[in-house]
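**Q** So for the sequence shown, this note's numbering puts the first residue at 887; every next one is plus one.
Incorrect hints may have been included.
Unchecked claim - FRET-style restraints, in silico, Cβ to Cβ:
1) His-1017 <-> Met-1096: 28 to 36 angstroms
2) Gly-1041 <-> Leu-948: 26 to 34 angstroms
3) Arg-906 <-> Asn-1068: 18 to 26 angstroms
Claimed, not checked - Calculated cross-link-like contacts (lysine to aspartate or glutamate; reagent style EDC-like; alpha-carbon spacing at most 16 angstroms):
4) Lys-1084 <-> Glu-1109
5) Lys-1002 <-> Glu-1155
6) Lys-977 <-> Glu-998
7) Lys-949 <-> Glu-1064
In case anyone wonders, no lab produced these hints; they're calculated from the structure. Every value quoted in this text rests on a predicted model; they were computed, and no experiment measured them. Cβ coordinates follow ideal geometry from the N, Cα and C atoms, glycine included.
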Amino acid sequence: MATTRTYDIWDPMPTSRIDRSRVAEMPQTEQTLAPAYRLAFTDDDFLCREELRPVRLQLELLKPELLLVEHGIKSTVVIQGGARIPEPGAKARAARNPNQEKNLTAASLYYEEARKFAALCSAYSSGHDHHEFVVVTGGGPGVMEAGNRGAFEAGAPSIGLNIVLPHEQAPNAFITPELCFNFHYFAIRKMHFMMRAKAVAVFPGGFGTMDELFETLTLVQTERMERIPIILFGIDFWKKIIDFEGLAEFGTIAPEDLDLLSFVETADEAWSIIREFYQIGERLVD
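Work out the full structure: start from the sequences and follow the hints.
**A** Put into structure tokens, the structure is as follows:
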């Protein structure tokens, strides 16, 4: 009996693919068409049952991990930021009033810096067979698109970790298709952001961006992950939005926790921080 396997171990049992094909070829009768007869792993209704949530959590963790391993992805640089920030020259479509439109249009400079930063990371990645410092974003528009776009224009692969939402989460066109993932569970998506991260670059954004930033800070502060560069683009934005020093003065964080953050304005500054942190050579760009 011929079987197709992805690992070099003898196994006389038929693969799940073979049995799936055999079932599909069976005569259609009242019994074979009954939901109870479906193989469990081909039964979408069964897999979506509330009791199967632990299995779905495991699958969402496992599927991207297997594919990232198969593509040889060893480390990543995470780029996070607002989905509503337009590229330079584009209209801020999410603005609801003139002041918002003005703010978001001015913020288009961060789109360009995210694009440049991704290109810098990808230039280094290209010199390491696209296995190190691979750009990963949330896969959507705005800053996320800029990150994937910078890698794409540098001729490097990039990862998109999308999630099913009512809006703002169709995959952007610059993600490497083989590395474009979709999630149901925010928690598992967050794990994949951090599991290979060697740096996190955070641009101005909303609730999602803040959530991801504080998730990263908490993991590093509590030593649930190793310290990595956490780089915030846009000094004026962050100083206005979050009073980090105030947290330290109040006592809810330690003064040394402020050292976990680096503030920059440009892609070159951010890449210099990463180079210094990891003691790597000059950036591999013209």
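**Q** None of the hints should be skipped; say for each whether it holds.
**A** Here is how each hint holds up against the structure:
Taking 28 to 36 angstroms as the suggested C-beta distance range, the pair His-1017 and Met-1096 conforms, at roughly 31 angstroms. Between Gly-1041 and Leu-948 the Cβ separation comes to about 30 angstroms, which falls inside the hinted range of 26 to 34 angstroms. With their beta carbons about 22 angstroms apart, Arg-906 and Asn-1068 fall inside the hinted range of 18 to 26 angstroms. Of the supplied pair hints, the one linking Lys-1084 and Glu-1109 holds, its CA atoms being roughly 15 angstroms apart against a limit of 16 angstroms.
The straight-line distance between the Cα atoms of Lys-1002 and Glu-1155 is roughly 11 angstroms, inside the 16 angstroms bound, and the hint therefore holds. A threshold of 16 angstroms between alpha carbons decides the hint, and for Lys-977 with Glu-998 the separation of about 15 angstroms falls inside it, so the pair holds. At roughly 12 angstroms between alpha-carbon atoms, Lys-949 and Glu-1064 fall within 16 angstroms of each other, so this suggested pair holds.
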